[in-house]
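J.: Given chain A's structure and the hints, the job is docking chain B onto it.
The listed protein sequences derive, respectively, from chains A and B.
Everything in the first sequence is counted per the numbering used here, starting at 1 for the first residue and increasing by one.
Everything in the second sequence is counted per the numbering used here, starting at 1 for the first residue and increasing by one.
Zero decoy hints are in this set.
Under 10 Å between C-beta atoms, here's a sample of chain A residues computed to sit facing chain B: (1) L8; (2) S168; (3) Q234; (4) A303; (5) M314; (6) A342.
These aren't lab readings, by the way, just hints derived from the structure by calculation.
Keep in mind the model is a prediction, meaning the values are calculated, not measured.
Where is the CB? At the ideal position from N, CA and C, for every residue including glycine.
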Amino acid sequence: MSVTQEYLAQALNQPAWYQRLGAYDWLFGLFVLIGVGYAYSDFRHLMDAYEVGILFASGAGLIAFGWFWKPMRGLTIAVALLSLAAIGLYGDELARGEQNFFLKFLISSQSAIMWMSALYVLATLTYWFALAIRSDFAGRTATAMTWCATTMGWVGLMVRWRESYLISHDVGHIPVSNLYEVFILFALITAMLYLHYERRYANRNLGAFVLTVVSAAVAFLLWYTFDRGAHEIQPLVPALQSYWMKIHVPANFVGYGAFALAAMIGVAYLLVERRPEGFLGRAMPTLTQMDDLMYKSIALGFAFFTIATVLGAMWAAEAWGGYWSWDPKETWALIVWLNYAAWLHLRLTKGWRGKPLAWWAIVGLFVTLFAFVGVNMFLSGLHSYGTL
Amino acid sequence: MSTEIRPTPRPRRLGDILLEFLGSMNLAISLLVVIGIASAIGTVLKQNEPYNNYKIKFGDFWFEVFRSLDLYDIYGSNWFLLLLGFLLLSTSVCVARNAPRMLHEMRTFRFNVQEKSLRAFHHHDEWHSHAPHAELVEAATALMGHAGYRVKGDRDGAVTTLAGLRGMAGRIGYILSHTAIVVICLGGLLDGNIPLKLAEFSGELKPELRDMPANEVPAISTLGTDNHSFRGSVSIPEGARANFVFLQLRDGYLKQELPFTVALQDFRIEHYSTGMPKSFESDLIIYDDQNPDAEPLHQTIRVNHPLIYNGYAIYQSSFSDGGSKLKLAAWSFDAPEAEPFIIDSAVNRSVDLETPRGDRRLELTEFKAFNIFPLPEGDPSGKKHRNYGPSITFKVRRPNGTAFEYQNYMLPIEQDGARYYLTGMRATPSDQFGFLHLPLDRKGSLERFMHFLARVHDRERLNAAIANETSSAVGDERAEQVNGAIAHLAELFLDQGIDALIAEMEEKVEPEQRQAALDAYIKVIQGVFGTLYLEVLEEEGIDLSQDVTAADTRFFDDSMTALSTLAPYGSPFYLELKSFEQVEASGLQITKSPGKDIVYLGSALLIAGIFFMFYLHPRKLWLRIVPDGDGSRLLLAGNSVRNHADFDAEFDKLRAQLRRASGAGDLGATADERGTAV
Numbered sequence: 001m002s003v004t005q006e007y008l009a010q011a012l013n014q015p016a017w018y019q020r021l022g023a024y025d026w027l028f029g030l031f032v033l034i035g036v037g038y039a040y041s042d043f044r045h046l047m048d049a050y051e052v053g054i055l056f057a058s059g060a061g062l063i064a065f066g067w068f069w070k071p072m073r074g075l076t077i078a079v080a081l082l083s084l085a086a087i088g089l090y091g092d093e094l095a096r097g098e099q100n101f102f103l104k105f106l107i108s109s110q111s112a113i114m115w116m117s118a119l120y121v122l123a124t125l126t127y128w129f130a131l132a133i134r135s136d137f138a139g140r141t142a143t144a145m146t147w148c149a150t151t152m153g154w155v156g157l158m159v160r161w162r163e164s165y166l167i168s169h170d171v172g173h174i175p176v177s178n179l180y181e182v183f184i185l186f187a188l189i190t191a192m193l194y195l196h197y198e199r200r201y202a203n204r205n206l207g208a209f210v211l212t213v214v215s216a217a218v219a220f221l222l223w224y225t226f227d228r229g230a231h232e233i234q235p236l237v238p239a240l241q242s243y244w245m246k247i248h249v250p251a252n253f254v255g256y257g258a259f260a261l262a263a264m265i266g267v268a269y270l271l272v273e274r275r276p277e278g279f280l281g282r283a284m285p286t287l288t289q290m291d292d293l294m295y296k297s298i299a300l301g302f303a304f305f306t307i308a309t310v311l312g313a314m315w316a317a318e319a320w321g322g323y324w325s326w327d328p329k330e331t332w333a334l335i336v337w338l339n340y341a342a343w344l345h346l347r348l349t350k351g352w353r354g355k356p357l358a359w360w361a362i363v364g365l366f367v368t369l370f371a372f373v374g375v376n377m378f379l380s381g382l383h384s385y386g387t388l
Numbered sequence: 001m002s003t004e005i006r007p008t009p010r011p012r013r014l015g016d017i018l019l020e021f022l023g024s025m026n027l028a029i030s031l032l033v034v035i036g037i038a039s040a041i042g043t044v045l046k047q048n049e050p051y052n053n054y055k056i057k058f059g060d061f062w063f064e065v066f067r068s069l070d071l072y073d074i075y076g077s078n079w080f081l082l083l084l085g086f087l088l089l090s091t092s093v094c095v096a097r098n099a100p101r102m103l104h105e106m107r108t109f110r111f112n113v114q115e116k117s118l119r120a121f122h123h124h125d126e127w128h129s130h131a132p133h134a135e136l137v138e139a140a141t142a143l144m145g146h147a148g149y150r151v152k153g154d155r156d157g158a159v160t161t162l163a164g165l166r167g168m169a170g171r172i173g174y175i176l177s178h179t180a181i182v183v184i185c186l187g188g189l190l191d192g193n194i195p196l197k198l199a200e201f202s203g204e205l206k207p208e209l210r211d212m213p214a215n216e217v218p219a220i221s222t223l224g225t226d227n228h229s230f231r232g233s234v235s236i237p238e239g240a241r242a243n244f245v246f247l248q249l250r251d252g253y254l255k256q257e258l259p260f261t262v263a264l265q266d267f268r269i270e271h272y273s274t275g276m277p278k279s280f281e282s283d284l285i286i287y288d289d290q291n292p293d294a295e296p297l298h299q300t301i302r303v304n305h306p307l308i309y310n311g312y313a314i315y316q317s318s319f320s321d322g323g324s325k326l327k328l329a330a331w332s333f334d335a336p337e338a339e340p341f342i343i344d345s346a347v348n349r350s351v352d353l354e355t356p357r358g359d360r361r362l363e364l365t366e367f368k369a370f371n372i373f374p375l376p377e378g379d380p381s382g383k384k385h386r387n388y389g390p391s392i393t394f395k396v397r398r399p400n401g402t403a404f405e406y407q408n409y410m411l412p413i414e415q416d417g418a419r420y421y422l423t424g425m426r427a428t429p430s431d432q433f434g435f436l437h438l439p440l441d442r443k444g445s446l447e448r449f450m451h452f453l454a455r456v457h458d459r460e461r462l463n464a465a466i467a468n469e470t471s472s473a474v475g476d477e478r479a480e481q482v483n484g485a486i487a488h489l490a491e492l493f494l495d496q497g498i499d500a501l502i503a504e505m506e507e508k509v510e511p512e513q514r515q516a517a518l519d520a521y522i523k524v525i526q527g528v529f530g531t532l533y534l535e536v537l538e539e540e541g542i543d544l545s546q547d548v549t550a551a552d553t554r555f556f557d558d559s560m561t562a563l564s565t566l567a568p569y570g571s572p573f574y575l576e577l578k579s580f581e582q583v584e585a586s587g588l589q590i591t592k593s594p595g596k597d598i599v600y601l602g603s604a605l606l607i608a609g610i611f612f613m614f615y616l617h618p619r620k621l622w623l624r625i626v627p628d629g630d631g632s633r634l635l636l637a638g639n640s641v642r643n644h645a646d647f648d649a650e651f652d653k654l655r656a657q658l659r660r661a662s663g664a665g666d667l668g669a670t671a672d673e674r675g676t677a678v
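Chain A on its own, in the form it takes in the complex (with noise of 0.2 Å):
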């Protein structure tokens, strides 16, 4: 046998992908896969087929997503035991999360979601210093909040979802049905995306500017439990009871959050453009790749995006007689997805790259808010359920 074909067995006998799984991947997709058929046996008679439907495509789609992204094997684990915790201490008794001590102070959906406000916020602080004394220690503490909070937010809304069933029975729903609960989704979604990213590039110092809109939508959400009592579990207007939810919803914050995590690499990238051997220079990734990071992102978001708009196109032909209204916040979703569309053909089609384009993503940023929020806030529309 000659060097070559020694090299060549050797180079293309590699393991397919199921192959390549480890003992924990399979661990993981067992204990999904309980939790699934555990909910399907226990509430089947709660769902109608699409939901059905929707559980069992969300059990393989987080099976599949813990095989891709690994660290999220660790967050669902972490998630579904302290969920549960709370659940078994709840019992059938709302009122138990003002005397139980674990529920008022940590897992409780408000004490959760305080714990998640907290840690953002410290972690986007600990991210600037890390970035601005160059300690990787201060790094990886930030990283480890942004972890922490990442999963307390998550508890959070898996605990409200049940609280809202212990208020009574007809008023629980999926936690995604105003702009309080989104709120947190919009954090946490932007929040992993950037966690993920951040793994790949192995450079966390991205993580102080993202952080940053992540503590701005925290800033937004205490303001609206204090001073607007949000945080209230409300029951469903009749045109929002539908499966459709579960699943527009969520798309729809996918593509706000990579929106918001290019806008920020943006921002980064023009401070960096600027004086790219400077301070900041040197500690960030590179201009190309940050270029890179920002086309990847609004791909993504662009993608989920294009698949909300779709998805509520349907949900609005079932529930308002058309699939397109003009009514504002579709209107305002168009014009996101026609301002993401422009952006796209300028950097595939016309090879644009890098300043034109941060500044596009940071305009970009601020139309999707106003379509997030500011539709919601000066506008009326069918969409009012979230008004401030």
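T.: Just chain B now, with coordinates in the frame of chain A:
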């Protein structure tokens, strides 16, 4: 996007120039931005409001300017359609121009690439190997194949060229997503209002502007059942039926006939304990008008659960009062001794009344079977919400056209043991209701208040009470002057309310004495009215030798409060709701949209296309193996349409593998070690 070499220029004709313009990226991006801005304008300016609202908002001049620009119905305007048309055209031209080339490129392995071109690629590498030619070809084919490339080889004399293609389905992504836009636009066009616009333009159709019963709408404003696409709405009261819907068109409407009749049996609203609506449901019966013998279809629809009937979709979209029957008693404030006047009417009707203050038109606008409001935290009942019972809303219109709006509750409210009728009044719809509490006597009736009102309006009795209060002898000139002043104040109080009294005080009395004077006047008026009140009690047969009970005293205080605000209340009567029979109406939206499935197909294509486009990157590889001395010279080059960073890593890995397989040894650094993406 093109990586191709530009064709040599040839003489350009007008058609080419036009095609070039329509297919240009600049036009496409400009269109995306302009459509975005136009759409945004339509969200800032509320669309399809009644034209009067715009007139009030902008004034006559700007109203006309905006109207001529179609700003009140942007999304249905010609210029907006034209923009969409351009987008459709531009996208079509792009697809038509690029798709054949891309499809060709996907399938074509190009072997006749010059070495100079290959070396010009950003990704290229060249090295020497001693391995046999055939072995090199075999190894390279296997490795490139393993990396996910489709590989083909071409032998030209001693030189072998391997060409590899990967992710070429990304090109399909471009074709799918752009075709999808065309498909969606066409589907939308099918459901759009172009046929209506044409019919209107040719004079066959004219929107009706007047309010009239459906059966009087003229033929020129009526669309037959052959109209293939529409979206209209109709409100059907319980027990009634309809075989038409109305389509709103700018400031008018069209009547759309249906090939079936919808009858509403029952409409139900369920509520959460907070009073928030939980579900809206309509029990419908559908009669097929073309087939009268067919069994009618019974179906319940609710929000999110429409009925699809022969291609028509029937949605639960709103609800309103369908003309609830109301029995009302009007208690006149001007003739309080008279029996209340009984009115039998219904919501959405009006009643003309003659009152001592002139003609009034009573317009009954709304009936609510219950009103649930949150209770303050820690209410003794332990509940969070309370039902205040049925209410009616109505307007009392004066002959000059102005009107106040009122809201009256059917059931008395109880406060600390005393009972009141609650009636709200507001002068404009933007105000909050201000509430008047009318005290009720022991029987739960307005009678005692009305008797008292009659008495204070009786001039003789009032004067007698004043004389009694000031204990002046008749004929005493000075006393009569005083009495006259008191009578004047009492009248002022009754006719214009307590504020008028204060205003008069401020005009006549020095500031430092005002408070004292006001207190004195109120005391006198209280005394005078108190005397009259005692007479009322006496007439009721209450023994006044005993002390007046706390309840009766309180009744007097409440009556005085009510009297002081009766003047600004404005209505000549209090309307008491005696009984009702609720009739609800369900607002149905009925649509026919043949373009829907086309739009969905387009949407599916769009999503598939976008994922293909973003996650499959067309990549090309070339490897030339040229005999060179005792071995071979290998020239590797690669090209990726996008995602250069990822391709960097992929290319580095592959060339390291190829180098090792050809026995040329490792590279100094691979992409992994440089810390770039894997």
